[in-house]
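Once you have looked at the hints, place chain U on chain Y.
2 protein chains.
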Amino acid sequence: MSLATPYLLFLGDAPDMLAAKVALGVKQWRPENCVGQMKLDGCKADCGLKDMTISEGVAAGAKTLLIGVANRGGVIGPHWVAALKEALEAGLDLAAGLHNRLADVPELAETARRLGRTLHDVRVPAPGLPIGNGAKRSGKRLLPVGTDCSCGKMYTALALEEEMRARGRKATFRATGQTGILITGEGVPLDAVVADFISGAIETICPDNDDDHWDMVEGQGSLMHPSFAGVTMGLIHGAQPDALVICHEPTRTHMRGLPHYPIPSMQDVMEASLAAAKLTNPAAKFVGASINTHALSPEQAQAELARVEDMLGLPAVDPVRTGVSAIVDVLE
Amino acid sequence: MSLATPYLLFLGDAPDMLAAKVALGVKQWRPENCVGQMKLDGCKADCGLKDMTISEGVAAGAKTLLIGVANRGGVIGPHWVAALKEALEAGLDLAAGLHNRLADVPELAETARRLGRTLHDVRVPAPGLPIGNGAKRSGKRLLPVGTDCSCGKMYTALALEEEMRARGRKATFRATGQTGILITGEGVPLDAVVADFISGAIETICPDNDDDHWDMVEGQGSLMHPSFAGVTMGLIHGAQPDALVICHEPTRTHMRGLPHYPIPSMQDVMEASLAAAKLTNPAAKFVGASINTHALSPEQAQAELARVEDMLGLPAVDPVRTGVSAIVDVLE
Numbered sequence: 001m002s003l004a005t006p007y008l009l010f011l012g013d014a015p016d017m018l019a020a021k022v023a024l025g026v027k028q029w030r031p032e033n034c035v036g037q038m039k040l041d042g043c044k045a046d047c048g049l050k051d052m053t054i055s056e057g058v059a060a061g062a063k064t065l066l067i068g069v070a071n072r073g074g075v076i077g078p079h080w081v082a083a084l085k086e087a088l089e090a091g092l093d094l095a096a097g098l099h100n101r102l103a104d105v106p107e108l109a110e111t112a113r114r115l116g117r118t119l120h121d122v123r124v125p126a127p128g129l130p131i132g133n134g135a136k137r138s139g140k141r142l143l144p145v146g147t148d149c150s151c152g153k154m155y156t157a158l159a160l161e162e163e164m165r166a167r168g169r170k171a172t173f174r175a176t177g178q179t180g181i182l183i184t185g186e187g188v189p190l191d192a193v194v195a196d197f198i199s200g201a202i203e204t205i206c207p208d209n210d211d212d213h214w215d216m217v218e219g220q221g222s223l224m225h226p227s228f229a230g231v232t233m234g235l236i237h238g239a240q241p242d243a244l245v246i247c248h249e250p251t252r253t254h255m256r257g258l259p260h261y262p263i264p265s266m267q268d269v270m271e272a273s274l275a276a277a278k279l280t281n282p283a284a285k286f287v288g289a290s291i292n293t294h295a296l297s298p299e300q301a302q303a304e305l306a307r308v309e310d311m312l313g314l315p316a317v318d319p320v321r322t323g324v325s326a327i328v329d330v331l332e
Numbered sequence: 001m002s003l004a005t006p007y008l009l010f011l012g013d014a015p016d017m018l019a020a021k022v023a024l025g026v027k028q029w030r031p032e033n034c035v036g037q038m039k040l041d042g043c044k045a046d047c048g049l050k051d052m053t054i055s056e057g058v059a060a061g062a063k064t065l066l067i068g069v070a071n072r073g074g075v076i077g078p079h080w081v082a083a084l085k086e087a088l089e090a091g092l093d094l095a096a097g098l099h100n101r102l103a104d105v106p107e108l109a110e111t112a113r114r115l116g117r118t119l120h121d122v123r124v125p126a127p128g129l130p131i132g133n134g135a136k137r138s139g140k141r142l143l144p145v146g147t148d149c150s151c152g153k154m155y156t157a158l159a160l161e162e163e164m165r166a167r168g169r170k171a172t173f174r175a176t177g178q179t180g181i182l183i184t185g186e187g188v189p190l191d192a193v194v195a196d197f198i199s200g201a202i203e204t205i206c207p208d209n210d211d212d213h214w215d216m217v218e219g220q221g222s223l224m225h226p227s228f229a230g231v232t233m234g235l236i237h238g239a240q241p242d243a244l245v246i247c248h249e250p251t252r253t254h255m256r257g258l259p260h261y262p263i264p265s266m267q268d269v270m271e272a273s274l275a276a277a278k279l280t281n282p283a284a285k286f287v288g289a290s291i292n293t294h295a296l297s298p299e300q301a302q303a304e305l306a307r308v309e310d311m312l313g314l315p316a317v318d319p320v321r322t323g324v325s326a327i328v329d330v331l332e
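Which chain is which? The protein sequence lines are Y and U, in order.
Numbering of the first sequence is given in full-length UniProt numbering, commencing with residue 1 and proceeding in unit increments.
Numbering of the second sequence is given in full-length UniProt numbering, commencing with residue 1 and proceeding in unit increments.
Think of the hints as simulated: they come from the structure by calculation, not from any bench.
Fair warning: there could be bad hints in the mix.
Said to hold, decoys possible - Once the Cα atoms are required to be at most 25 Å apart in a straight line, the calculated SDA-like pairs of lysine to any residue come out as:
hint, chain 1, residue 1, chain 2, residue 2
1, U, K140, Y, G48
2, U, K278, Y, Q267
3, Y, K136, U, K278
4, Y, K278, U, P259
5, Y, K21, Y, G48
6, Y, K21, Y, A4
7, Y, K278, U, R256
8, Y, K278, U, K140
9, Y, K285, U, E271
10, U, K136, Y, K278
11, U, K85, U, T53
12, Y, K136, U, T253
Treat the numbers as computed from the prediction; the structure is a model and nothing was measured.
The following block holds chain Y by itself, in its conformation from the complex:
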C-alpha cells in the first residue's frame, strides 16, 4: 500500500482535537507531506496548517485528500460525501482508515472509477502477500514490543526514526497499523492480514537494505495479550529485529479490553519476545525501555524511568518527556 503525497488533511466536522488525532499525527511526523487542512462547518479541531478549499489544496500540489478525522463509530459521515466527491473531481485520490470503506460508498466508488482515481482504505491489506520465509535480510531492524496494546509502540518507532535522521543516520519507520500507514503513506495493516501471511507481510515492508540502515518497525499487540499475541508473534518473526525496545504504561492495571488479565511484568514480556526473536535473528537483543508516563507527574515520571533503568540495566526513556536519544546512543 502506497499513498500519493503530499496530502490535504480533511478534518471534517471534528468536534474536538482528539477526533482529529490521525491528522495531528500526520502533521507531527510528516509535516513535509501536508500542504494544508480542510474543515467543514462546525469543525473544532486544528492542526496548525493553512486552511484550504479543495481547489486551493490542488493548486498547492496535494495529490491525496487524507481523512484525518474519526467520528463516533469510525464511519464515513454522510455529510462528508459531497466534499469527498468534489476532491475526486478535482483530481485527488482519497485515503481513510475508517471502519466502513470508501469503496463501499456507491457515489465515491462510481466517481473514482469514472475518473481513474484511487480510494485507499488502509484497513484493507493489498492482495498477493507472500508466506514468510525467515531468510536473513541485510540492513538493521528495531521493533518495539509491549506489555499491552496501545502503550506507545508506534510513537516510539516514529521518535526513533526522527532522532536517527536528526543525527544524519539512515532510518525508516515501517507502518503496521492504519494510523501509521496514513502518517507515512505506506505499510501493511497487520491485524487485517490473513493469518498465514502475518510474518510474510512484515518481510515485505522491511526488505533488504543498506548495512547501516535501520528500519523502525511499528509494534502491534503483545505476546502476552490473549486476544492478539498471534499477530505479535508473526510480527516478531517477520521483522527479525536486531534490536528490541520494551514499551510499558506503568499505571495500567489490566490488559486492554480484558479486565481479568493483569498486565505482565516487563521482564516476562522481554523474555518471551527475545526467545521468539532469536528464531529468525539469533543476535536479537533489548536496547532500551520506552515508558509512557503520560499519567504521571514530572517527579513520578523521573522516578519511574530511574527505577526501570535500574531494574533492567537499560536506558529508559519517555519519547514525549525525554526523547529517545538514550536509545539511539545504544544503536550507535
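Positioned in the frame of chain Y, the structure of chain U alone reads:
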C-alpha cells in the same frame, strides 16, 4: 461452518489413492457419515464404500456431496462440473476444500442459488468471528503442538478422540484445517482467518462443556516455524489447553518449506508452547509425545519411542503403530 451429513463421497477421476486422501480420511474417522462413494470414469481410488450414482446416494439419505479428491493444483476439474451440478439438482449441498472455490464456478453458483443449495468452501472462514477474550471455559481441552507443520497433529487429535470414545468417555475432535473440517463436518480454517481473530476463532469452536468432556483440538503449524508461528500462538491461547502433546517426525531435517531452518528440539518447542499455554491456562501441562515413525522400520520405531519416553519422562506413542492408549491413560 457446519456441513449437513451424511455424505456421498465424490472421488472424481482420482488417479491413485493418494489423490483421494480426504475421502479416505472421512471414511476412516467418520464412517457413520458416509453413505457411499461416487466415481467418474477412470477413477483409480476406492474407499471401500458402496459405489453409488447421485440418485442412489440421495435415496440412501445423503445430504452433501463431499469432494474427497484433490487433483494436481487443487482445482475443481472442469469435467467434474456436470456431476456436481447434477448433485445440486438432486437435492445435495456441495462441500470442498480446494484452492479454487465452488462458489467461483458460475454454473454451480447459479444452480445453487436457484435451488437454495449451499456450496461449502471450507477454506473460507465464516464471517462474524469474535476477538478472543481469554475467559476461562468449563470442560477440558487437549492440543497437539509440533516441531514442524505436517507431522501428525490432526491424526493424533482424531486418534485421541476415538480412543476416548471407545472407553466411553466424552470427547470431541475440533477441526482447525480444511481436511479436518471435511472429515467432521465443522470447524474453522484457521490459516485463512484474519489475524485479529485467531484466538477468538478457536474459542468459538471449543466452548464451555461438561467438566468431564475433552475437546481434542487439531493443531496447526509450530511455534518455531518462521512462516506460521502466529497461527500457532493464537491457537494455543484460544484453546487454553489443559493437556498438550508434542508431535514430531524424527527423520525430518529441516522445517517444512524452509531448508535453511533446522527442526527444533522437542524440548525447545515444549518449553515455548507451555509458556504460551500458561497465559490462558496456568494448569497446562504436557501429557505425552506423538511420534510419526512412518519412515522408520518397526525396530527403529520401537527404539525411537523408548528413547523419547526416556528423554521426556512422558508416554510416547505412534498413533498408527501403537495407538494412543498410553496418553489417554494419563488423561484418566
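Evaluated hints:
Under the criterion of a C-alpha separation no larger than 25 Å, the hint pairing K140 of chain U with G48 of chain Y is inconsistent with the structure, at around 58 Å. Under the criterion of a C-alpha separation no larger than 25 Å, the hint pairing K278 of chain U with Q267 of chain Y is consistent with the structure, at around 16 Å. Restraint check for K136 of chain Y and K278 of chain U: not satisfied, since their Cα atoms lie roughly 31 Å apart, outside the 25 Å limit. Of the pairs offered as hints, the one joining K278 of chain Y and P259 of chain U holds, with about 18 Å between alpha carbons and a cut-off of 25 Å not exceeded.
Distance check on the hinted pair: K21 of chain Y and G48 of chain Y sit about 13 Å apart at the alpha-carbon level, within 25 Å; holds. For a cut-off of 25 Å, the pair hint linking K21 of chain Y to A4 of chain Y stands: about 20 Å separates their Cα positions. Simply put, K278 of chain Y and R256 of chain U have alpha-carbon atoms about 19 Å apart, close enough for the 25 Å limit, and the pair holds. For the given pair, K278 of chain Y sits about 33 Å from K140 of chain U by alpha-carbon distance, which is inconsistent with the 25 Å threshold.
For the given pair, K285 of chain Y sits about 20 Å from E271 of chain U by alpha-carbon distance, which is consistent with the 25 Å threshold. With a CA separation close to 31 Å, the supplied pair K136 of chain U and K278 of chain Y exceeds the 25 Å bound. A C-alpha spacing of about 13 Å is found between K85 of chain U and T53 of chain U, which places the hinted pair at or below 25 Å, so the restraint holds. Only pairs whose Cα atoms come within 25 Å are accepted, and K136 of chain Y paired with T253 of chain U is accepted, the gap being roughly 19 Å.
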